[in-house]
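Chains as they are written, first to last, in the numbering used here: chain A, 198 to 373; chain B, 3 to 155.
For the record, the hints were derived by calculation from the structure and aren't laboratory data. Treat the hints with care, as some may be off.
Computed far set for chain B versus chain A, every beta-carbon distance over 10 Å [claimed, not checked]:
no., residue
1, D13
2, P30
3, A35
4, P65
5, R81
6, V82
7, G88
8, A89
9, V93
10, G98
11, W100
12, E104
Label-pair distances were calculated between CB atoms; the ranges are [said to hold, decoys possible]:
no., chain 1, residue 1, chain 2, residue 2, range
13, B, A24, A, A234, 17 to 23 Å
14, B, I95, A, E267, 51 to 57 Å
15, B, A83, A, L317, 51 to 57 Å
Yeah, the Cβ is synthetic: ideal placement off N, Cα and C, and Gly gets one too.
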Amino acid sequence: MHGARLHGFALLVTVGDRSRAAAAASAVLPGGTARAAQLRHPERAAAWLRARLLQALRHTSESRRHSWAERRTVLLELGMPEAMMAALEGLTLEDRAAVVAASVERFSIIDVATILGRDLLATRRILQAARRRYLAASTFWMGDLPAKALPGGEIAARIEQAAARAMGARTAEPGA
Amino acid sequence: MTRPSAADRDDPHRRFAAWLLAGTDDDPPRDLAVHASVCRECQREIAAFDMLTAIDTVRAGMPPPRELAARRRRGATERVAVAVSGAAAVVAIGVGGWRLAEAGGLGTASEPPTQAVLGHTGHPETTAAASPSAGTGATTEGSADSPSPSPSP
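In isolation and in its complexed conformation, chain A is listed as follows (with noise of 0.2 Å):
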């Protein structure tokens, strides 16, 4: 599980360099393996993982080997809408670490402060920046977003109940 997930992480922080992702992901896991009984803790265990991939990715240049079609079929097999792709890559290398790591794997702020390497404070700071440039490539490159939220979306579903628990509190309001 460790492997596949550290993989996925792998390609969608290279946005779909197959070539890259499997060096790298290669390289740290037989390293994983020999301090597992260090890291016991699963989520400290994957960070710390993440952590290794990413400092092997920096010290990497874009593999040229794969097109555009390629990298697109590669991350469209994880499940990432195509709109999603240009907007990825229009971030940086850390960039899109922290939004993969807090928004795909759900990872929590200390442990995307481990796979980046900072402190909690610049960690917020990377990530509030990176989620925001994350979002107005998005809106640029995403005409044809669906104007209404996902259905069954995470967000949209805590929207949702809030938004029917306020309304539920004004249409009691006016009885009680």
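Mind docking chain B on chain A? Use the hints.
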């Protein structure tokens, strides 16, 4: 950095975007939740982040261990090369030895060590039973295959 104006602070789009970007686990204020549930712009922003949560990284599967495989292949190639070299050396020695034995250069294993070393030339009986021409014959035979035997003391 400029401070947001009162209009910006009251703008529900901006306030909702700020809540969304913060990525907090707390629900938004009620008025914002009601606004976002009907606002097209805010709904798009919600969709942009909800699409990220729909991605499943496990689908990537395990990385193909190309580097490790390449290393293993290199190691296997080296082992095969060593094994082939060793086998070739053994075969060469065997064939060489067999040819040498065929040519009479080496004695058989059943013969005494002295005969093997001297290649029939140093056998005392051969010298003793030699005909009058044996001296020249022995010398000729000895000179063909090996250095002339030194007389034993």
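Outcome of the hint check:
{"no.": "1", "hint": "D13", "result": "holds (16 Å)"}
{"no.": "2", "hint": "P30", "result": "violated (6 Å)"}
{"no.": "3", "hint": "A35", "result": "violated (4 Å)"}
{"no.": "4", "hint": "P65", "result": "violated (4 Å)"}
{"no.": "5", "hint": "R81", "result": "holds (22 Å)"}
{"no.": "6", "hint": "V82", "result": "holds (24 Å)"}
{"no.": "7", "hint": "G88", "result": "holds (32 Å)"}
{"no.": "8", "hint": "A89", "result": "holds (34 Å)"}
{"no.": "9", "hint": "V93", "result": "holds (40 Å)"}
{"no.": "10", "hint": "G98", "result": "holds (47 Å)"}
{"no.": "11", "hint": "W100", "result": "holds (50 Å)"}
{"no.": "12", "hint": "E104", "result": "holds (56 Å)"}
{"no.": "13", "hint": "B/A24 <-> A/A234: 17 to 23 Å", "result": "violated (37 Å)"}
{"no.": "14", "hint": "B/I95 <-> A/E267: 51 to 57 Å", "result": "holds (54 Å)"}
{"no.": "15", "hint": "B/A83 <-> A/L317: 51 to 57 Å", "result": "holds (55 Å)"}
Hint check: violations occur at hints 2, 3, 4 and 13; the rest are consistent with the structure.
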